[in-house]
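Undergrad: Using the sequences and the hints given, assemble the complete structure.
Position 157 of the first sequence, counting from 1, maps to 156 under numbering that gives the first Met the number 0, and the rest follow consecutively.
Hints may contain errors.
List time: in silico DMTMM-like cross-link candidates among lysine to aspartate or glutamate, alpha-carbon distance up to 20 Å [as the list claims (entries may be wrong)]:
1) K684 - E740
2) K301 - E285
3) K810 - E793
4) K151 - E442
5) K641 - E12
6) K151 - D451
7) K610 - D583
8) K676 - E692
9) K727 - E744
10) K727 - D712
11) K743 - D773
12) K487 - D451
13) K287 - E274
14) K98 - D79
15) K415 - E234
16) K287 - E186
17) K829 - E818
18) K415 - D666
Honestly, the hints are just simulated from the structure, not real lab data.
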Amino acid sequence: MQDAYDPRAVEREAQAFWESRRSFHVAEDAAKPKFYCLSMFPYPSGKLHMGHVRNYTIGDVLTRYYRMRGCNVLQPMGWDAFGLPAENAAMANKVPPAKWTYDNIAYMKAQLKSLGFALDWERELATCSPDYYRWNQWLFTRLFQKGLAYKKTGIVNWDPVDQTVLANEQVIEGRGWRTGALVEKREIPMYFLRITAYAEELLSALDQLPGWPEQVKLMQKNWIGRSEGVRIGFEYFLENKKQILWVFTTRADTLMGATFMAVAAEHPIAAFAAERDPEVRAFVEECKRGAVMEAELAQIEKKGVATGLFVSHPLTGDRIPVWVGNYVLMGYGEGAVMGVPAHDERDFAFALKYGLPIRQVISVRGQPFDAKHWQPWYEDKENGVCVNSGKYDALAYQPAVDAIAADLARKGLGEKQVQWRLRDWGISRQRYWGCPIPIVHCEGCGDVPVPDEALPVTLPEHLVPDGTGNPLAKLPQFYETTCPSCGKPAKRETDTMDTFVDSSWYFARFCCPGQDQAMVDSRARYWMPVDQYIGGIEHAILHLLYSRFFQRVMRDEGLMPGIAEPFTNLLTQGMVLAESYYRDVNGRREWIHPSEVEARRDEKGAIVEAKARDGGPVVYGGIGTMSKSKNNGVDPQALIDKYGADTARFYTIFASPPTNTLEWSDDSVEGSFRFLKRVWAYALKQRNSTRNETSDAALRREIHQNLSQADYDIQRHQFNTVASACMKILNALERAEAGSESAKEGLSILLRLLSPIAPHISHHLWLELQLGEDVMRAPWPEPDPKALEQDELELVVQVNGKLRGSILVPKQADRATIESLARANPNVQKFVAGQQVKKVVVVPGRLVNLVV
RNA sequence: GCCGGAAUGGCGGAACCGGUAGACGCAGCGGACUCAAAAUCCGCCGGUGGCGACACCAUGAGAGUUCGAGUCUCUCUUCCGGCACCA
Numbered sequence: 000m001q002d003a004y005d006p007r008a009v010e011r012e013a014q015a016f017w018e019s020r021r022s023f024h025v026a027e028d029a030a031k032p033k034f035y036c037l038s039m040f041p042y043p044s045g046k047l048h049m050g051h052v053r054n055y056t057i058g059d060v061l062t063r064y065y066r067m068r069g070c071n072v073l074q075p076m077g078w079d080a081f082g083l084p085a086e087n088a089a090m091a092n093k094v095p096p097a098k099w100t101y102d103n104i105a106y107m108k109a110q111l112k113s114l115g116f117a118l119d120w121e122r123e124l125a126t127c128s129p130d131y132y133r134w135n136q137w138l139f140t141r142l143f144q145k146g147l148a149y150k151k152t153g154i155v156n157w158d159p160v161d162q163t164v165l166a167n168e169q170v171i172e173g174r175g176w177r178t179g180a181l182v183e184k185r186e187i188p189m190y191f192l193r194i195t196a197y198a199e200e201l202l203s204a205l206d207q208l209p210g211w212p213e214q215v216k217l218m219q220k221n222w223i224g225r226s227e228g229v230r231i232g233f234e235y236f237l238e239n240k241k242q243i244l245w246v247f248t249t250r251a252d253t254l255m256g257a258t259f260m261a262v263a264a265e266h267p268i269a270a271f272a273a274e275r276d277p278e279v280r281a282f283v284e285e286c287k288r289g290a291v292m293e294a295e296l297a298q299i300e301k302k303g304v305a306t307g308l309f310v311s312h313p314l315t316g317d318r319i320p321v322w323v324g325n326y327v328l329m330g331y332g333e334g335a336v337m338g339v340p341a342h343d344e345r346d347f348a349f350a351l352k353y354g355l356p357i358r359q360v361i362s363v364r365g366q367p368f369d370a371k372h373w374q375p376w377y378e379d380k381e382n383g384v385c386v387n388s389g390k391y392d393a394l395a396y397q398p399a400v401d402a403i404a405a406d407l408a409r410k411g412l413g414e415k416q417v418q419w420r421l422r423d424w425g426i427s428r429q430r431y432w433g434c435p436i437p438i439v440h441c442e443g444c445g446d447v448p449v450p451d452e453a454l455p456v457t458l459p460e461h462l463v464p465d466g467t468g469n470p471l472a473k474l475p476q477f478y479e480t481t482c483p484s485c486g487k488p489a490k491r492e493t494d495t496m497d498t499f500v501d502s503s504w505y506f507a508r509f510c511c512p513g514q515d516q517a518m519v520d521s522r523a524r525y526w527m528p529v530d531q532y533i534g535g536i537e538h539a540i541l542h543l544l545y546s547r548f549f550q551r552v553m554r555d556e557g558l559m560p561g562i563a564e565p566f567t568n569l570l571t572q573g574m575v576l577a578e579s580y581y582r583d584v585n586g587r588r589e590w591i592h593p594s595e596v597e598a599r600r601d602e603k604g605a606i607v608e609a610k611a612r613d614g615g616p617v618v619y620g621g622i623g624t625m626s627k628s629k630n631n632g633v634d635p636q637a638l639i640d641k642y643g644a645d646t647a648r649f650y651t652i653f654a655s656p657p658t659n660t661l662e663w664s665d666d667s668v669e670g671s672f673r674f675l676k677r678v679w680a681y682a683l684k685q686r687n688s689t690r691n692e693t694s695d696a697a698l699r700r701e702i703h704q705n706l707s708q709a710d711y712d713i714q715r716h717q718f719n720t721v722a723s724a725c726m727k728i729l730n731a732l733e734r735a736e737a738g739s740e741s742a743k744e745g746l747s748i749l750l751r752l753l754s755p756i757a758p759h760i761s762h763h764l765w766l767e768l769q770l771g772e773d774v775m776r777a778p779w780p781e782p783d784p785k786a787l788e789q790d791e792l793e794l795v796v797q798v799n800g801k802l803r804g805s806i807l808v809p810k811q812a813d814r815a816t817i818e819s820l821a822r823a824n825p826n827v828q829k830f831v832a833g834q835q836v837k838k839v840v841v842v843p844g845r846l847v848n849l850v851v
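TA: Structure, rendered in structure tokens:
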């Protein structure tokens with residue numbers, strides 16, 4: 000055994016041991032409980048970043064823990080390999096996205112191996128491989144035939160200079176990222192997946208997911224957004240033909256207060272009015288500029304223009320003006336809303352701005368209406384009753400809604416309706432580096448899905464995009480084809496799928512390596528659902544919702560009968576954050592890596608001034624996620640090279656609990672390395688000491704107390720305190736005599752506790768001290784209840800809730816004994832002196848509180 | 001703007017159910033070893049007052065519930081994540 004801890008040698012040796020024994024390979028085994036532990040697969044962006052190291056270390060800790068607990072654990076790894084960054088890199092370096100992606104995969108795979116993760120590499124997959132994406136295509140054609148995939152128009156960001164569709168990320172302050180041109184909205188035909196058909200189930204099933212964080216379930220619930228309301232029709236005449244403008248509202252009780260209508264700029268009424276009225280046309284045009292992001296739309300100034308059209312109120316027949324409003328979303332409800340200024344904050348502001356009438360129809364506690372001191376009565380469904388509403392006066396919320404809905408129904412101008420916020424999932428992307436949508440457009444037959452025997456539609460891998468549209472659309476060899484139905488010349492669809500499609504079912508594919516006849520096979524029914532899924536909180540809504548949707552789609556295709564939910568337990572890892580700095584170069588931000596910046600801070604730690612190493616001043620860009628675009632990523636490779644994988648793993652676990660954000664700090668890594676060196680040194684000391692049979696009760700108590708706590712902590716996924724427990728056990732061992740039987744037991748416990756976090760050093764020392772053959776296969780240590788027993792307990796004594804002393808009491812002491820011991824404490828007497836004790840609170844095993 | 005989350009020493013964090021606030025570690029300070037440095041080891045380490053025993057203050061701000069609040073309730077502030085074409 001080497002005197003000094005040499006992580007490189009230890010890690011090379013342990014990894015060779017695992018490799019030679021295929022230690023991480025697993026197969027279906029009916030004799031053991033299965034445990035499918037999955038971390039979100041990475042996008043092969045180039046190198047691993049700290050978020051990956053954190054994510055996969057957490058997964059590996061659980062994998063190794065459950066193995067030691069006797070489970071058959073599957074932990075696979077793959078690559079979410081399609082996506083925009085590959086195209087950007089291609090443009091920058093003139094290299095095809097395929098080559099860039101495969102090179103990155105090779106590099107990152109080597110990095111993952113060097114970190115010693117217990118991954119079954121025999122199941123590796125990449126979503127850009129035809130073996131994988133052909134099943135995207137296969138499933139899509141099934142959904143298309145069922146009507147669960149369909150075509151309609153969708154709105155995209157359009158760069159008028161590059162003549163290309165931009166991702167939201169490529170729109171910077173309303174302008175194209177490469178051209179700087181003002182971005183426009185454009186409607187184009189796209190394919191959609193009918194996720195709304197599953198809205199009800201996706202919502203109600205959240206209640207049966209006890210293993211998911213409440214936070215994530217709530218976010219999904221709000222995203223799906225079920226609301227009950229009334230669909231109301233407002234009649235109008237257009238060229239002497241009766242038409243109906245439909246709106247949806249959750250506050251039908253305020254219908255009598257509707258004084259205007261607002262429609263989205265994309266609404267047919269707006270288009271009609273724009274044809275006749277230049278002012279409306281100009282406004283609609285204005286609405287078309289700018290990006291499509293909801294976050295942006297929600298923050299713009301609320302503006303509108305009157306269309307000159309009027310509708311009639313379905314109950315009173317009053318004439319109501321129709322406006323176009325830039326705050327009305329075409330994608331939600333009917334793309335039109337009724338304006339009730341007195342009882343909606345946004346309508347109120349709109350009415351004040353444009354001088355529209357405000358009519359109070361709900362009253363809370365009889366307060367009179369007063370525009371100057373308007374309160375959001377609207378919110379108060381509990382206490383409000385109808386006023387100024389004719390026959391509905393004095394009705395509360397629900398009776399008013401019921402009565403109004405019934406009256407509307409009688410006229411054919413309304414019905415109760417359930418409305419969802421969730422929209423169907425537009426999957427078409429006008430991009431090259433993605434899974435081709437398997438559709439052929441035929442003049443005679445329309446949109447024809449590619450038949451199974453012609454799948455996959457293979458993506459050519461040699462193209463280099465240039466930023467002006469999809470190169471597939473310029474490649475006749477790709478798009479020129481014949482119709483599968485009639486055989487005549489036809490054009491292949493050149494859009495590719497949203498990469499979220501790829502990641503919505505990869506977990507099932509991991510179960511079925513080598514299967515080339517089907518999307519998944521019976522092995523998926525053994526492994527699925529995933530028992531523990533681990534990934535960033537930023538995926539709380541979209542990725543997880545799409546996966547839940549896909550699992551149901553696969554269930555309904557008969558691929559995995561009865562399995563509705565893909566992930567039984569979910570751990571949402573916090574993000575790894577770092578500071579960022581930039582300087583302005585010709586109006587653009589040039590991001591400077593934090594390691595190149597020296598910052599001056601005030602006494603509270605806030606940054607007051609920052610300078611780049613080359614001397615120029617830089618602007619503090621705030622703390623945020625590590626990202627390429629902000630050039631603030633910390634390369635874990637440097638960490639591994641300097642300290643080894645075990646230190647990198649131990650640090651990420653120890654630095655903070657997994658669900659917290661982790662603010663990167665180089666300083667703290669040193670302590671983790673120091674700890675591992677001390678473990679090494681202690682093991683050496685124990686190996687060289689003379690053995691004896693002594694049992695050390697105090698040492699055993701301390702070790703088993705920490706073990707017991709660590710076991711609880713690992714089960715509740717608070718891994719940072721498991722690492723702390725390892726340190727505490729080592730501290731205890733170092734204080735005690737090294738040759739005793741208890742010290743030997745303590746080291747054996749320490750190495751097993753440490754092995755999921757720092758597996759290489761644990762593996763090495765386990766062998767070196769002849770504690771067993773392979774620590775990975777050793778049983779997880781159990782706390783010994785006998786070691787935890789104590790004859791005397793220390794109780795805290797408080798007077799009026801303030802700590803005044805402590806007492807030592809026998810374990811079996813009764814209340815009276817404890818109370819008299821507490822009163823006898825001198826410091827307690829000082830504070831009780833001369834006052835009457837009104838009450839004594841005794842918390843067994845903890846404290847006594849005297850109330851005076 | 002909407003939805004979700006977080007806030008505890010100089011820093012990361014601990015405190016499981018409402019019961020000793022600051023475990024464990026980092027940084028810092030003092031010391032040992034050394035010609036010296038690194039490494040290692042020992043000690044101190046929230047603030048104020050006090051020689052000291054100890055006392056008072058302190059968990060983003062303000063209120064409330066309680067014998068007792070970092071933990072529960074309400075209001076607010078700041079920061080982080082998501083908002084449907086980044087993955």
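Undergrad: None of the hints should be skipped; say for each whether it holds.
TA: Going down the list of hints, with the structure as the test:
1. Of the supplied pair hints, the one linking K684 and E740 holds, its CA atoms being roughly 14 Å apart against a limit of 20 Å.
2. Of the pairs offered as hints, the one joining K301 and E285 holds, with about 13 Å between alpha carbons and a cut-off of 20 Å not exceeded.
3. For the given pair, K810 sits about 9 Å from E793 by alpha-carbon distance, which is consistent with the 20 Å threshold.
4. This hinted pair checks out: K151 and E442 have alpha carbons roughly 18 Å apart, not beyond 20 Å.
5. For the suggested pair K641 and E12, the alpha carbons sit about 18 Å apart, so the restraint of at most 20 Å is met.
6. For a cut-off of 20 Å, the pair hint linking K151 to D451 is broken: about 24 Å separates their Cα positions.
7. This hinted pair checks out: K610 and D583 have alpha carbons roughly 13 Å apart, not beyond 20 Å.
8. For the suggested pair K676 and E692, the alpha carbons sit about 27 Å apart, so the restraint of at most 20 Å is broken.
9. This hinted pair checks out: K727 and E744 have alpha carbons roughly 15 Å apart, not beyond 20 Å.
10. A C-alpha spacing of about 14 Å is found between K727 and D712, which places the hinted pair at or below 20 Å, so the restraint holds.
11. Proposed proximity of K743 and D773 is supported: the alpha carbons are some 17 Å apart, at most 20 Å.
12. Of the supplied pair hints, the one linking K487 and D451 holds, its CA atoms being roughly 19 Å apart against a limit of 20 Å.
13. Between the alpha carbons of K287 and E274 the distance comes to roughly 15 Å, so the proposed pair stays at or under 20 Å and holds.
14. This hinted pair checks out: K98 and D79 have alpha carbons roughly 15 Å apart, not beyond 20 Å.
15. Taking the CA atoms of K415 and E234, the gap is near 18 Å; set against the 20 Å cutoff, the hint holds.
16. Between K287 and E186 the CA atoms are separated by roughly 10 Å; this keeps the pair inside 20 Å, and the hint holds.
17. Our distance criterion of 20 Å between C-alpha atoms is met by K829 and E818, whose separation comes to about 16 Å.
18. Proposed proximity of K415 and D666 is contradicted: the alpha carbons are some 61 Å apart, above 20 Å.
Hints 6, 8, 18, counting from the list given before, are not met by this structure.
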